Structures are given as structure tokens and as C-alpha cells.
Amino acid sequence: MNLVALAFVTYLAAADSAAKPVVVASKPFGESYLLAELFAQLLEARGFRVDRRPGLGATEIAFGAVRSGDVDVYPEYTGTGLLAILHETPPGDRGAVYRRVAAEFRRRWDARWLPPLGFENTYAIAVRRATSDSLQLRTLSDLGRRGGHLRGGFTPDFIGRPDGLPGLTGAYGLQLAEVRALLPAVKYRALADGKVDVIDGYSTDGLLARYDLVVLTDDRAFFPPYEAAPLVSGSLARRAPAAIAALSELAGRLDVATMRGLNERLEVRGEPAERVAREALRALSLTQDTAAHEARTSVRAGSLTAYLWERRATIAAQTARHVLLVVIALGCAVLVAVPLGVVLERLPRAAEAVIRGVALVQTLPGIALLAFMIPFLGIGVVPALVALFLYSLFPIVRNTYSGVRDADPGAASAALALGMTPAQVLLQVRLPLAAPVIFAGIRTAGVLAVGTATLAGFIGAGGLGDSIVAGLALDDTRMVLSGAIPAAILALLTDGVLSLAERMATPRGVGPEVTARVHAL
Amino acid sequence: MSNTGAELAAEAVHKRYGEVVALNGVSLRVAPGVRVALVGESGSGKSTLLRTFNALTTVDSGRVRVDGVDVREADSVALRRRIGYVPQDGGLLPHWNVRRNAGLVPRLRGMSDAAERADASLIMVGLEPSRFGSRFPRELSGGQRQRVAIARALAADPDAVLLDEPFGALDAITRGELREAFADLSRRIRLTTVLVTHDLSEAFALADRIVVLRAGSIEQDAPPAMLLAQPATPYVATLLSRAGIRT
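Just so you know, the protein sequences line up as chains S and R, in that order. Using the working numbering, read the first sequence as starting at 87 and increasing by one per residue. Using the working numbering, read the second sequence as starting at 1131 and increasing by one per residue.
These are computed hints drawn from the structure, not numbers from a lab. Computed from a predicted model, the values in this text were never measured in an experiment. Watch out, some of these pointers could steer you wrong.
Stated by the list, open to error - Now the in silico label distances, taken between C-beta atoms and shown as ranges: (1) R:R1193 / S:A509: 26 to 34 Å; (2) R:M1356 / S:R442: 55 to 63 Å; (3) S:G443 / R:S1242: 47 to 55 Å.
Claimed, not checked - From the derived model, a few chain S residues whose C-beta atoms are all more than 12 Å from chain R: (4) D179; (5) A328; (6) V422; (7) P451; (8) V533.
Cβ coordinates follow ideal geometry from the N, Cα and C atoms, glycine included.
One chain only, chain R, in its complex shape (with noise of 0.2 Å):
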């Protein structure tokens, strides 16, 4: 797992649903192996922007390219199977058990090790194969349903992953927990990171760069401790102090 994985760029990105502007010119470039966290609040497009790297929204205009490829010429099937996802409520299909549900990826991608990349995975995110493997999701705690979705995105060693509120729906204690273990898997494989989050200190905890969007715009994009020193706006620093981060 030595992938530093791929590059990921937004030019001029534009995005409305009817009367809604989505992203409204929207640039970013996310360099091999860097973890960028988008923040901002709910309609602010961060999920719209990141969902825009696997091609589950197509822009309006401008560009995204995922390793110089403008994704709309690029066959989206293959193209997603190469970027692991995370969705806020995990999306574990209900009806296959956590081994089956940690393989799928690498058995679309026709891996002819497909069983025992699952079962790497579940170890690298702390779930014992022999004891969860053959569990079904209902059969799970919150939390553990969330580390098998990261295990799912892992597991065929993507060149990218996008998660989306990945640990929003979880308790405070377990939000924690999860964070941390997060922390100390992306340190270990360094790997092209997008996460969509509206919690600033999970931001911090993970990211090596922040993305403050609001109402389709990027608000600033700066290294954490840029942001902290200088915040562009008065609206991230708004953001900062009402996250106790900054007073």
C-alpha cells in the first residue's frame, strides 16, 4: 500500500440544480497523496464539489480531471472503481455480509485476490475477519458499519478516496474513536484524500489542507495553520471561533 495515488483538479467549476447554484466557478487542485478537507455548511456545495470527482454529478461547465483526465471523456464505471467512496450513512448493501460487502470492489476490478483484500482491509480499519466477516450490517454497531465502508473503499487500493460526512452520523464518543483510527491510517498510507465534513475540528484532526466553501465559492483554501493565523474572511474566522478553535 505504497500508492500515493492521484490528482485531483476542479477548473472553474459550475453546478445549479434549477434556481440553485450549486458551485459557482469552483477551482481546486488536490496534489498526489494530500488530504483535503472541504468544509462549509450544509448548500454550501461541498458534497456537490466532491461528487464531482467520481463522476456522480456531472459540472455544468468547466473541468475536472482526475489524473489529467477530464472525467466526462473518461468511462465513469472504471473511473469509480479507482476512487473509493464513503458516504455519510456507510451505503453497506444489507443483504451481504461484511467480508462480501469489503470485497466488492476489488471483485468488480476482477482481482483474483479479492477475499484476502477484503479481509487485509478489515484488519487495517480494526475489524477482526473471523469474528465480523460473516456478521450482516444489521448485525453491527454504528460505528463498526462505518469502518466496513472504509474498509470497502480501501480495499482495492484506490488512487483516490472521497469521503462524504463519513463519521456525521455517529455519537460523540464513537465519532472520536473513529476519527483517530482514521488519523492513523491515512498517516500510514498516504493517499489523495477528499473529505466533506462540517465539523472544522474534524477538519484539522485530518486534513493536510482546508477548503472553506460557502454558497458555491471557495472562502479560502489554506493549510490549517494558515487558516488559523490568517483567515481570509470574516466568515471563516466566524467559523473558527463558533468551533472553539479559534477565539
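Excised from the complex, chain S in its bound form (with noise of 0.2 Å):
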């Protein structure tokens, strides 16, 4: 009986753990996708199940996922947390630094910084090979002096924190000319084409060689230490603590050089994150030489239509996600819309305030909108949902409603006057005459809604902004290509068969096809 027993417990557990993969996240630039990676495939080479959720959209989203246990861990740095999520300042060298985040974090959030894995990436200020030569920049002190003309291409993280450009602005009293937010990959673009002239970029990064850039020293040590390392949830902690053995066998593991080896192949010569992390856990020893060897050479070569054909199966399955993420998010938006537009008619004062407030959540911007909801709805297909929802709403609420207001004055007061039910003028005239205003509104949050469901590639919810994200972040135009084009294709499938309901939805007699068959008496 008792042996029953144990093993019906035995069987919970492993039920248990089977049914709760560790989820493994990154943040949306190179070295945290192959860290990321390296997390994953070191895990699932120790037994556990990995959900793997890369590119999730700004420091507060990973981190607030970490919080509410949506996720269980992924690569962060000592100073980031030190600066943007304890908002203090550096306590002394590395090794102080990461024992107080590692204090706090528990402290506060229950989260737990792992030994780190052997490397720092701290900020590098960049310029173009020839603007340091011109200028005579080698430090940030000379960028202070002699940078006033200049034009700053910056992460917006950066541009907000204080461990960014306003410390930076202190520091060494750099004034530049300009200032632009612009994304890792897109910066360093902008830079190499001259579009900008100084730029924000890790020390680690590959694309620092690919374009040939030049780091000014950070002569007056402005930037605390960033030292990587893993940051785990307390709930992984507790449910598995094998996970987290496993995790540290990284610690001290990566040094500088061999990083900076890694985001080279990932970022400069394109290899695939999976690879690269894969050889890279062989190498020191984590790993054994099981898997089975592809010596596909697929760098940046080939054409686009090659490289979409062997992408198929992931653009097909983000394609049928994001179709889903916008099915759902427009329907429960029709759901609500249109009745909140029928009754915001029958309430003219209450109306204009109520769809200033729907128009409102328009306005947020994307990111900080899910950063808001992540405490409240965790990461992944949830908050992607409401996000979607939230945006559908405007343009549906207002059209019903000045369709329902608008429909022919004259024919909805005739048929009040004639006896009908003011119920039966709303279904019977004001509503069929309202509705290709509706669905034009609808219309045109389904067009919305699939450019705005890239974003769920932000919060880990899949898609095709996965493949959007992804490909920024490393810098793979093909790859930001496999999710656009198919997100471009989608806009207009959508725009088409929603222009086709709303022809359909029109009542004969209304609609302009019509107009010439007038008749004389």
C-alpha cells in the first residue's frame, strides 16, 4: 500500500515537472538570445523541459516577467540591476555591486542572481573609425571636449536611464547635437551610413568589428560593472533546485574573449543562435558530442526566396499564430465594441468622454502598455491579447457609434413616427443602415491589429514579430524579413475579406452600386 502510495507521489512530481518546462527568456539583442540559448540547451541537456521565450521587449518587461514567475530566468547584468530596476548607485567594485543586487533581489522580489558567468559587458560609446581619426576621440572625456557637433544614435533604455545618457551628460559634460532613439541593430546601421555619429553599444558585441568602430574609453570609470549572470525566479528555486545547479555550472565559465568570440559568429557571420551555442557548450565540456552533425554552412549567402523556402515551417507556424492572436483579440473587440458604441448613442453626454478614454489607449506606446500590464497578466498570449483588444476597440466604438447616430435621420424618425419600438428602429433601421460604417471600423482595426500583433514577439506570445525582433536584434535583415513580408501579405488578406464582409454587410439599396437606376415617373 505504502509502496502505491510512493509511487502515485512519485508519478505527482514527475507530472508536475512535466507539465512545468523552465521558461527561458532573453531580451531582445544578440548576446542575450545566445546566453539565452546557452540556458536552454544546457537545461534540456540535464533532464528539464525548456519554454523558450526570446526577445522579450525592454529591461522592465523581463525582469517584471521574473517578478510574477511568468518566467524563470534570463541573462542579466549586475549594473542594470544595480541602476535601472534598484535605481542606485554603484556601492564600489564588481564584486560589491553584484553581492548587493544579489541581496536585494532577494529581499524584495525572491529572485536570485547566480554566480556570474565569467564576463562584463558594460556600455561602449562607439564612433566611425574616421570620426575618431578626424576629432582625436580616444576617451569619453575627448567626446565631452570635442563632441558638441555631433549626432547621438541611442537605445531608448539608454536614452531614459540614468546609467545612460543623462549620467553620461554629468559625467563628462557631453552635449551633443542631436539625440535619436533608435534600435540596437538599427543604430549600428545608422551609424556606419553616417546617419549618426555616436552610438550606444556593448562591449561584447559582434557588430563593434563587423563595422569597424572605435570604443572611447570610459576614462573617468562612469559605468558601473556589468558583469553577466543568470537572474532566476524564486519559484524555479524552490521547484527545482537542480535547475539551478545546472545553471551555475556557467559561472566563470565565459571570459570576455570567448564571448566576444561567440557574438562574433552570431551577429557578424550569421550563424544560427542554436549552433552557436551548441558548439560553444561542447566546448567546455557541459555538453557531450551527441547531437547529430549538420555542417550546413547556412551564413548570409543564398537569396531571400531560398531562405524564406527553409524557413517555411516557423513562418508558417508564426503566421498561424499571429492570425490567431488577431482572430481572437477582434472578435472579443467586435463582442464589446459595437454594443458600447449602440449604448454610448443612446447616452450622447457620457459618449464623447468614453470614447476620448478608449482613443486614449490608443495613444500608449505598445511597449509600455504590456510593461504596465505585466504585473497584473504575466508575459506571453494573455497580455498580447489584451493588448490587441485594448487597440481594437477606438476605431470599432466610434464607428458604430456615429454610424448608429448618423444612419438617415429622416428614415429613423419616420419609422419612430409610424409605430416601431425604438428597439426595433435600432435592429431594423439605425443598426442596417450603420453597419458598412461598422465594418469599416472594423475594417480598420483588423488591418491595425496585425501590424500591432508583431508586438507580441515583445512579450514571448509567438508570432511573427518573433521573427521581427529576433532578426533586429541580430542584425538579419532576412530574418526581419520572413516576419515582415508575411505580416505585409496578412495586412492586406485582412484588409481584403474585411472589405468584402463590409460590402456584404451593406443593404442593398445603400450601397453605390445602385446610383444608376433612377427612374422617371
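Hints given; two lone chains; assemble the complex.
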């Protein structure tokens, strides 16, 4: 009997750990993707099931997801934890910084900093070699003195963070002629093409070498230590101590040279993160050489069509997920927004306020909305659906409201005068006449939703945004296109299908096609 | 169609819209089968008065009765289904064809012969159902649309019919044709009728009694001949001469 009970408990425990894979996430830049893939493969090699959520949109989103337990582990940097999350100034050397974040994160959020991986990746303020030569720029002090006419292109993160541009301005008296917010991969291109003159990179970036850039020395030691380490949720620490042990095997194993080499393979040579990580783990003797050898040298060669064809399974899966996100969110938005628009038509005083409120949601940047929702909804499909739903409301509510309100007032008042009840007027006169306008609103919302759904890539909800986010992070144009092209086709298809629905919803006698048949008495 | 209709009565009716006085103590009785024209300039209150009889306008004070029943105590939906109504723009439902428009009130009243009534009513206003029945309003001329609106108002054998500038939006020739057709129609079916118009000659052609309104009050209430012979006020006299009816 006891044996049966024991077997049952064991079965339950196994079922539980089988039901709960370890969720491994990353932020949207190459090194973060690569480290996350290293974590994931190492965990898999130690017998864990892994759920990969790469490319979470920002520090707030990734860390928010660890706090809420939606993500179990992602690679983070101690300096970022200290400055961007704790909002503290560096207490001393890198050991002190690590001890500080480790203690505070555990106390406040039950989150664990595992031992550092062995390299630092600090901000690297970079300029073109020609700029460096002509202006004699070697250090950040040089830039502060002689860079006043230069244009900066920085990640939005960097522009806002106290350990970013504002702090840099204070420490070096840096005043640039112009500052633009640029995505990580875009900024390297912008610098190489001469669109901007100064960017923020990471000291281990493979792209620094690819574009032959000069990194200015932080001669006043402004940037704090940024040691890379796995940041782990308390929930994983409790339910799978073995996973913690597995991740800790990487402690101190990756030095700067190794990391720069791996980043270069990923970002410069365009090798897939999966392969780079697999070979790195083998080189570190952390895994055995068991995986099948595919000696494909699929670097950045070959035609786009061939690339797209090669990725067809991924593209199909992402497209299906994308469509599902849009259909569910849009469907819910229709179910809420159409009745809401109808009700508002009866309450003209409340209507303007409500519609303006719904419009306000529209103006929130997607990333901000997603970051805001993480404490309540976590990451993944649910917050993506909620965000898409919220973004879809406005065009439908507004069109329903004005469509019903403005639907042939003469006909509606005559129908009332001849004895239709208000409900009959609404259902038989106003709504049918408003249908084309309502469907036009749904069509607008649908096309917008197809575009907005790419944001889902930032919170691990899948869809075509995954390819776009990853492609941007890895500076891989073809990967971006493998998401963007299907998304564009999807938007056109959505527009076509919904315009057909719009035409079908237009009652005969109202549509434009009957105007020719006017008969004289 | 032998119905002579309901008796309509307004008793000391007041109505104001904010600061604007639309009706300032108006009393009027329309006996069954009598055709009354409400005449006046824009803002005289004639349309407001008309719309009190089918409860589209509720009065501030005073009383409006249909067959002795206070409209405030009546079920306004049931009341409206008994009273035909023709607005200036016709008010046809653009997404319904002519036959369906004409059959609206019979169907609302649950009449089993709604389709037959719609067709009969269309024939009455001079539109051949087989030719016009399946057309949509925008496939008709303005005059044809008003004919359908009249057919719709009469299809359910109403107790009264209210017409608010029914020919006002038509060109002069069509207006004349329709006026004649309606005069002919109203001779055949004696029905309590209230016609709002700013056109005195139309009132003379169609009404048994003419009520002249000015700034929410009745200036004169008399049969056409009497109005012509003895204008009660200089305003009525001016109206008559301006219309070219009296010099």
C-alpha cells in the first residue's frame, strides 16, 4: 500500500515537473539571445523541458516577468539590476555590486542572481574610425570636449536610464547636437551609413568589429560593472533546485574573449544561435558530442526566396499564431465595442468622454502598455491578447457610435413616428444602415491589429513578431523580412476579406451600385 | 376604406424649447373626417402642434386627446400605429424596397394581409406594385418617393393622418401633380387629416378648415371661404395677399 502511495506521489511530482517546463527568456539583442540559448540547451541536457521566450521587449518586461513568475530565468547584468531596477548608485567594485543586487533582489522580489558567467559587458560608446581619427577622439572626455556637433543614436533604454545618457552628460559634460532613439541593430547601420555619429553599444558586441568602430574609453569610470549572470525566479529555485545547479555550471566559464567570439559568430557571421550555443557548450565540456552533425554552413548567403523557403515551417507556425492572436482579439473587441457604441449613442453626454478614453489607450506606446500589464497578466499570450483587444476597440466603438447616430435620421424618425419601438428602430433601421460604417471600423481595427500583433514578439507570445524582433536583435535583415513580408501580406488579406464583409453587410438600396437606376415618373 | 377616423383635440397646449416658445396656449379640435391645414411661417409652431397628436412631441401643459383619450396616458407606440404620418423628406427606409416600406405599419400591427394592403395602398397612390414594388427608394424620383410615403401612411387604414409639408421638397410641376392626386384621394376616403404647409394655395386646395398660426398662437381658424372673406387680423390678410389669393 505504501509502495503504491509512494509511486503515486512520485508520479505526481514527475507529472508536475513535466507540466511545468523551465521558461527561459532573453532581452531583444544578440548576446541575450545567445546566453538564453546556452541556458536552455544546458537545462535540456540536464533533463529539463524548456520553454523559450526570447526577445522580451525591455528590462522592465523581462524582469517584471521574473517577478511575476512567468519567466524562470533570463540573462541580466549586475549594473543594470543596480541602476535600472534598484535605482541605486554603485557601492564599489564589481564584487560589491554583485553582492548588493543578489541580496536586494532576493529580499524584495525573491529573485536570485546566480554566480556571474565570467565576463563584463559594459556600455561601449562608439564612433566611426574616421570620426575618431579626424577629431582625435579616444576617450569619453575627448567626446565631451570636442563632440558637441555630433549626432547621437541611442537605444530608448539608454536615453532614459540614469546610468545612460543623463548620467553620461553629467559625468563628461557631454552635449550632442542631436539625439535620436534607435533600436539596437538599427543604430549600427545608422552609424555606418553616417546618419548618426555616436552610438551606445555593448563592449562584447560582435557588431563593433563588423563595422570597424572605435570604442571610446570610459576614462572617469562612469559606467558601473555589468557582470552577466542568470537572473532566476524564486519559484524555479524552490521547485527545481537541480535547474539552479545546472545553470550554476556556467559560473565563471565565459570570459570576455570567448563571449566576443560567440557574439561575432552570431552577429557578424550570421550563424544560428542554436548552433553557436550547442558548440560552445561542447567546447566547455558541459555537454557531450551527441547531437547530429549538420555541416550546413548557412551563413548570410543564398537568395531571400531560398531562405524563406528554408524557414517555411517556422513562418507557417508564426503566421498561424499571428492570425489566431488577431482573430481572437478582434472578435472580442467586436463583441464589446459594437454594443458599447450602440449604448453610447443613447447617452450622448457620456459618449464623448468614453470615446476619448478609448482613444487614449490608442495613444499608449505598445511596449509601455505591455510593461504596465506584466504585474497583472504576466507575459505570453494573455497580455498580448489584452493589448490587441484594447488597441482594436477605438475604431470600432467610434464607427459604431457615429454610424448609428448618423444613420439616415429621416428614416429613423419616420419609423419611430409610424410606431416602431425604439428597439425596432435600432435593430431594423439604424444598425442595418450603420453596418457599412461599423464594418469599416472593424476593417481598420483588423489591419491595425495585424501590425500591432508583431508586438507580441516582445512578450513571448509568438507570432511573426518573433522573427522581426530576433532579426532586428541579430541584425539579420532576412530574418526581419521573414516576419515582415508575411505580416504585410496578412494585412493586405485582412483588408481584402474585411472589405468583402463590409460590402456584404451593406444593405441593398444603400450601396453605391444602384445609383444608376433612377427612373423618371 | 370607409373609416372617417378619430377626433383630434388640443386644449390650451404650451410647449417651449429652452427660451423659445413653440406653442403658447393653443386649442384646436379636429372632428372625425375633417381635413385641417396648419399654415404659418417657419417657427410658427405648426409642426410642433402636428407632432403632439402622435406623441412625437410631449406638451409642457395643456392636454392632447385622440378620440377623447389623453395621449400621455395612451401607449404611444400603439397610438402611432393608428395614425399615419408623412414627413417632408418621405422618411422611407432606404434599405427596404417599395413594397416592404408600404407594408411597414400593417406588419407592425400584425395584420395577416399586410402584403395585400401594401399593394392596394400603392395602387391607391398611383404606383403599379408589379412595376415599382421591388425598387428601392433611391431608384425612385422625388415624387414617387412621396407617393410611397403616403401609401405607407394609409396602408393600415389609420384613424387619422398627419402630413408635415409632404410636398415641400418637390419641384413645382410634381408638387401640383401630387397635390391633385392627394385631393382626389382624400375625397374618396374621408379621414381625419392634419396637413402642415407654408403654402396657402395648398391649404385652400386640400383642407376643409385652415388654421393660421403665428409665434405659437392661433391667428385664425376658419373654413377657406371664410378666411378669404374675413381675414381676422392684418397678418392673415397679408399672408393671403402675399400668396396671391387675395389682392
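Taking the hints in turn, this is what the structure says about them:
{"no.": "1", "hint": "R:R1193 / S:A509: 26 to 34 Å", "verdict": "holds, 29 Å"}
{"no.": "2", "hint": "R:M1356 / S:R442: 55 to 63 Å", "verdict": "holds, 59 Å"}
{"no.": "3", "hint": "S:G443 / R:S1242: 47 to 55 Å", "verdict": "holds, 50 Å"}
{"no.": "4", "hint": "D179", "verdict": "holds, 77 Å"}
{"no.": "5", "hint": "A328", "verdict": "holds, 68 Å"}
{"no.": "6", "hint": "V422", "verdict": "holds, 26 Å"}
{"no.": "7", "hint": "P451", "verdict": "holds, 41 Å"}
{"no.": "8", "hint": "V533", "verdict": "holds, 27 Å"}
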